[in-house]
Amino acid sequence: MEELLAMLSDLHPEVDFTAENDLIGDGILDSMDIVNLISGIADTFDVTITARDIIPENFRSADSIMALIRRLEEEG
Amino acid sequence: MKKTIIAVLLVLLSLVSLIALSRLVTPKYADGIIEGAMIAEYYKETTDHDVLLIGDCEVYENFIPADLWNNYGINSYIRGSAEQYIAQSYYILEDSLRTETPSVVVFNVQSLSFSEKRSEAYNRMTLEGMRWSPSKVGAILATMTEEESFASYVFPLLRYHERIFDLKPTDFTYYFSVPPVSYNGYYMRVDVRPAENVPEGKPLADYSFPEESWKWLDRMADLCREKGIDLILIKAPSLYPYWYGEWDAQVRDYAEEKGLTYINYLEIAGQIGIDYSTDTYDGGLHMNLYGAEKLTAHLGDLLTSEFHLKSRRGEEALEAVWAEKTARFENDKAAAVAAEQEKANGEATD
Amino acid sequence: MRFASVAFPLFLAALLGLWAILPRRARPWLLLLASAAFYLCAGLGGIVFLAGVILLSWGAGLLLRREQEKQKAQIEEEAPDRARKKEIRAVFTRRKKRILRCALGILLLDLFLVKYLDFVIRGGASLFGADPASFPGLGIIVPLGISYFTFSAIGYLIDVFRGTCGAEKNPARLALFLSFFPIISQGPICRYGDLSETLFEGENLKGENLSRGAMRIAWGYFKKIVLADRLAPAIAAIFADPSGAGGMATAAAILMYTFRLYFDFTGGIDITIGVGELFGIRLPENFNLPYFSGSLKEYWRRWHITMCSWFRDYLFYPVSTSGFMTKLSGKIRTRVGPKAAGRVVLYVSSFLVWAATGIWHGAGMNFLVWGLCNWAVLMISEELEPLYKRFHDRFGFRGKAWRVFMILRTFLLVAMLNLFDCFDGVGGTFGAAAALFAPWDPGKLALTGLEIKDILILLFGGALVFAVSLIRTKVPDLRGAIARRGTVACWAVIFGFTLAVLLLGAYGIGYDQSAFIYNRF
Chain A
760 MEELLAMLSD LHPEVDFTAE NDLIGDGILD SMDIVNLISG IADTFDVTIT
810 ARDIIPENFR SADSIMALIR RLEEEG
Chain B
5 MKKTIIAVLL VLLSLVSLIA LSRLVTPKYA DGIIEGAMIA EYYKETTDHD
55 VLLIGDCEVY ENFIPADLWN NYGINSYIRG SAEQYIAQSY YILEDSLRTE
105 TPSVVVFNVQ SLSFSEKRSE AYNRMTLEGM RWSPSKVGAI LATMTEEESF
155 ASYVFPLLRY HERIFDLKPT DFTYYFSVPP VSYNGYYMRV DVRPAENVPE
205 GKPLADYSFP EESWKWLDRM ADLCREKGID LILIKAPSLY PYWYGEWDAQ
255 VRDYAEEKGL TYINYLEIAG QIGIDYSTDT YDGGLHMNLY GAEKLTAHLG
305 DLLTSEFHLK SRRGEEALEA VWAEKTARFE NDKAAAVAAE QEKANGEATD
Chain C
1469 MRFASVAFPL FLAALLGLWA ILPRRARPWL LLLASAAFYL CAGLGGIVFL
1519 AGVILLSWGA GLLLRREQEK QKAQIEEEAP DRARKKEIRA VFTRRKKRIL
1569 RCALGILLLD LFLVKYLDFV IRGGASLFGA DPASFPGLGI IVPLGISYFT
1619 FSAIGYLIDV FRGTCGAEKN PARLALFLSF FPIISQGPIC RYGDLSETLF
1669 EGENLKGENL SRGAMRIAWG YFKKIVLADR LAPAIAAIFA DPSGAGGMAT
1719 AAAILMYTFR LYFDFTGGID ITIGVGELFG IRLPENFNLP YFSGSLKEYW
1769 RRWHITMCSW FRDYLFYPVS TSGFMTKLSG KIRTRVGPKA AGRVVLYVSS
1819 FLVWAATGIW HGAGMNFLVW GLCNWAVLMI SEELEPLYKR FHDRFGFRGK
1869 AWRVFMILRT FLLVAMLNLF DCFDGVGGTF GAAAALFAPW DPGKLALTGL
1919 EIKDILILLF GGALVFAVSL IRTKVPDLRG AIARRGTVAC WAVIFGFTLA
1969 VLLLGAYGIG YDQSAFIYNR F
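Protein chains in written order, with the numbering used here: chain A, 760 to 835; chain B, 5 to 354; chain C, 1469 to 1989.
Chain A with its partners taken away, still in its complex shape (with noise of 0.2 angstroms):
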């Protein structure tokens, strides 16, 4: 989780994302930081994230974005 919140405050600084529960409807992260997060959680937890798994419910909030990690890795 840590790891997630490092990478996400090193896309908008300004942000606390442990706050922040629609991500996407308040225009936080645009489809530019959605692309560099995945290159990000590909790396450091060994996912693949696809096209199909990019919907706002899985990216509303660090939270939902950690419950996805975990679902891939699961069924991994």
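There may be inaccurate statements among the hints.
Computed spacing ranges between beta-carbons, pair by pair [as the list claims (entries may be wrong)]:
1. B:P173 to C:R1953: 32 to 40 angstroms
2. B:V20 to C:Y1856: 33 to 41 angstroms
3. B:S181 to C:E1919: 31 to 39 angstroms
4. B:D222 to C:P1491: 48 to 56 angstroms
5. C:N1638 to B:V20: 40 to 48 angstroms
6. C:V1872 to A:P772: 21 to 29 angstroms
Read the hints as simulated data drawn from the structure, not as lab findings. From the three backbone atoms N, C-alpha and C, an ideal C-beta is built for every residue, glycine too.
Once you've looked at the hints, dock chains B and C against the given chain A.
Relative to chain A, chains B and C alone:
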């Protein structure tokens, strides 16, 4: 329930205001281009006519119904409009015959010569005046130009909306009704401009009239035969547009085949006393009052002798109507002649 | 049948009448029939094409569904361990991918043949030195709305593949989704999962839906017929010869074109969404006050939203997360570093997206260049982001005035980029851009042919649109607020705008009922 009533009322209010606005922006043709008001004026008539004259300016500037009444006791009306296409003539005839059956219909054949749709403005002036009926629908569909739409005849607002920026006082004065602009369809001009050097017509590649034109003339002839009406074809003595001998021959053959009377006034102009230096107001295109008087006299004689129309002088109701009409006509004629005289005197002393 | 025709409101009124008397279950059929009639007005060839696309997406959807069911059945039957489960999934994913690729291949090939083949052949001819103008073209008539229904079909199939929406068994329902008459000619591009929630409901006519829908329709017509169509001939007059018109008139025409595009496209979409509302059908929003954007990036989140999100979800993400990209970024990461890896993925994927977006707008070099210019500006501003930040921290440019400056800057940028779709060739665009440096002669503004009355209508109408937009930043549901005031308030809005359209609209003799600009795309 209350809400529904309010909604219905609001819809009605919207419709009424749209119709009211539509009327406001539609041209009234009460002054200036009065030709646009002539087709509608017919519906104010209260009497049955013995003779209907149908066609374009070669009819409505050439015959005087008031003279036909006063000199021959014939009750006539001219359903003429500017640049009336032959299809429109047919539908105007059809429209008139829904409410009356005259003894004779006179049609001027000039419009046989073309079948293409020429002008939106003239279409408007002819078609808008017609009362809604299958004939009007037919006339619109048969003659509207590419750029026009049927809808714009149903909702004139669609056509005239831009006029909201240049409304004239007359749009308000004549909002509810337009005063009479013609004398039973006759458009009076008393000024004179002699015909000089009218050029010969240029040779044409093909002198035969379009199929389309013949079709409408056939329909007119058929309609008259069905109703037992005598159809007279005429060609007004206008020097221009040029009337070709080849054209004349075709009409002559047609009339013979159908057993109709055809009179080419160009041919007999001299015989009935038309003087092109005094009897036209625009150099030979149209007759003025003096030319029209001579043509009317010829037509009156013809109707009485050949077609045996009896004088209806003495019919009380008709006399009453015509007394009023004649008074207005004579009055306006005298005023117009006087004004013309004054203008001529003014020019002479300058 | 165009929205801006007398026939369309009559068509709608007849539909509403039939809708009211038909039983609920029959109403979607009525919409399908109406859509077919609407589409037939645009020609017989198109509807055959559309039917082909419908059948193809229906069949491919069912095939995908069958594979999914088989996969599920096999997993249930075997009750496998994790490794085996993964194996089974991989097998079926491969099969499904094959089906999807086939279907998308056919759809894209169709689109290519109909819309782009002429362009490619002409381009090829000029490469070999032939005069492209001498090539007569294949004379294929592009079916109305082909890009829209093809893209909707592709989106549907990908969604079924991904499992985000179920495959539709009933071909009639899919046919209605792809041919629904308000959206067929200019979008918005809908997602099956979203639209199917309301499209087949056949909801009873409701006063609230009717008044909201009618308000939106009237507003759309106002923007389209009063403002956009009045601007059109003025713009055309200047763009016919920009160098002759000089700097000032060309600048005015460029600005007018940008406004016209907004009035025309948002007006059309307002009518579309409003028509949906009449029948209780919820269509996706396509705009969010785009000209109030502070940057090009923001603009593309607020303009033609459904198209942008389509490209994002069905092209950008798949490409940027594809195996090839992952491998590439892995290599760069180990050799150069993680920042560079992210950048390369971003540049390459978004390059593809913008090239495709450009081509989507039209078969022409100018559209391609337009897309790539957008791409270049976006990438450059992405690179300069840290610089901006430092600049801001240093000088503290914040607040309203700064925001207004950003908005104006973005507007001008968009206006210049749009210049690429005003002309048939790239040359024309550069010609117009060069004309900006010609002498600025105010007298040449007369070339627009605008009279005082036109200018007044445009100014007042434009101010009204601006005011409404400002209010909507505070009151997003403006129509709801009006509706709460009661029936009379709604009527005043609807009738007021109807009257404005009828009286002040630029239509009828003397004006061509210009097609919505986006019909072409």
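Results of checking the hints against the structure:
1. B:P173 to C:R1953: 32 to 40 angstroms: About 39 angstroms separates the Cβ atoms of P173 (chain B) and R1953 (chain C), which means 32 to 40 angstroms holds.
2. B:V20 to C:Y1856: 33 to 41 angstroms: For V20 (chain B) and Y1856 (chain C) the Cβ distance comes to about 60 angstroms; the hint is violated.
3. B:S181 to C:E1919: 31 to 39 angstroms: At 33 angstroms between Cβs, range holds.
4. B:D222 to C:P1491: 48 to 56 angstroms: Given a distance of about 52 angstroms, which is inside 48 to 56 angstroms, the answer is holds.
5. C:N1638 to B:V20: 40 to 48 angstroms: 46 angstroms, holds
6. C:V1872 to A:P772: 21 to 29 angstroms: 27 angstroms, holds
Hint 2 alone, counting from the list given before, is not met by this structure.
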